[in-house]
Amino acid sequence: GQNIDQPTEMTATEGAIVQINCTYQTSGFNGLFWYQQHAGEAPTFLSYNVLDGLEEKGRFSSFLSRSKGYSYLLLKELQMKDSASYLCAVRDGGYGGATNKLIFGTGTLLAVQP
Amino acid sequence: KAGVTQTPRYLIKTRGQQVTLSCSPISGHRSVSWYQQTPGQGLQFLFEYFSETQRNKGNFPGRFSGRQFSNSRSEMNVSTLELGDSALYLCASSLTSDLNYGYTFGSGTRLTVV
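Same order as they appear, the protein sequences are chains A and B.
Sequential numbering from 1 applies to the first sequence in our numbering.
Sequential numbering from 1 applies to the second sequence in our numbering.
Among the hints, a few may not be true.
[Stated by the list, open to error] Only pairs whose alpha carbons sit at most 35 Å apart, straight line, appear in this in silico DSBU-like list of lysine-lysine: (1) A:57 <-> A:68; (2) A:57 <-> A:81; (3) B:57 <-> B:13; (4) A:57 <-> B:13; (5) A:81 <-> A:68; (6) B:57 <-> A:68.
Hints were generated in silico from the structure; no laboratory data involved.
The following block holds chain A by itself, in its conformation from the complex (with noise of 0.2 Å):
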């Protein structure tokens, strides 16, 4: 089946560091997603990898290790903007990788304290 874990909510302060981890268990994998979105919006993307290791963007990193079905989320210097929902999304496999589906984790609702 097809199955991505994500933690419901997590707190965290003002200009900390917060690290939100997904697994996931799928028939096939063309890449995975995380994206960022605000109670009421439509989700933004975040970051993408296909391959395994750390992709940097700002405040945000992202990690992936295929061999594990792990990936996490990293957000620095917090800022009270960031408080929103966090999805993980495989990209499943296809033919040829000619698929567009993402499957989704519930999300991560994250509650940035001052």
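Using the hints provided, position chain B relative to the given structure of chain A.
Then chain B, alone, in the frame of chain A:
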């Protein structure tokens, strides 16, 4: 450049009615995917269209259907609406050849079935 445009933003329908939602992707994006988002289930894949062809379909009943036009605009239709169809419906477009920019989501259509 313009983002992904979904219309209408809000919709209230009665059980048994049908509804059509529209999605205009970013210019040049040929892939359009649809998702249903509910508090309990998170984001679930409905279907994907590429060059007017349905490439993937999620585990939804046949009451959910869609199509894509030659200009890449897509519509989804839900017939015989049920209370459980109340949800945020999101569409996403992408340049499959370069996923480093991820999938761009529209603001969604909030459907309420009464």
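Unsatisfied constraints (hint numbers, rising):
4
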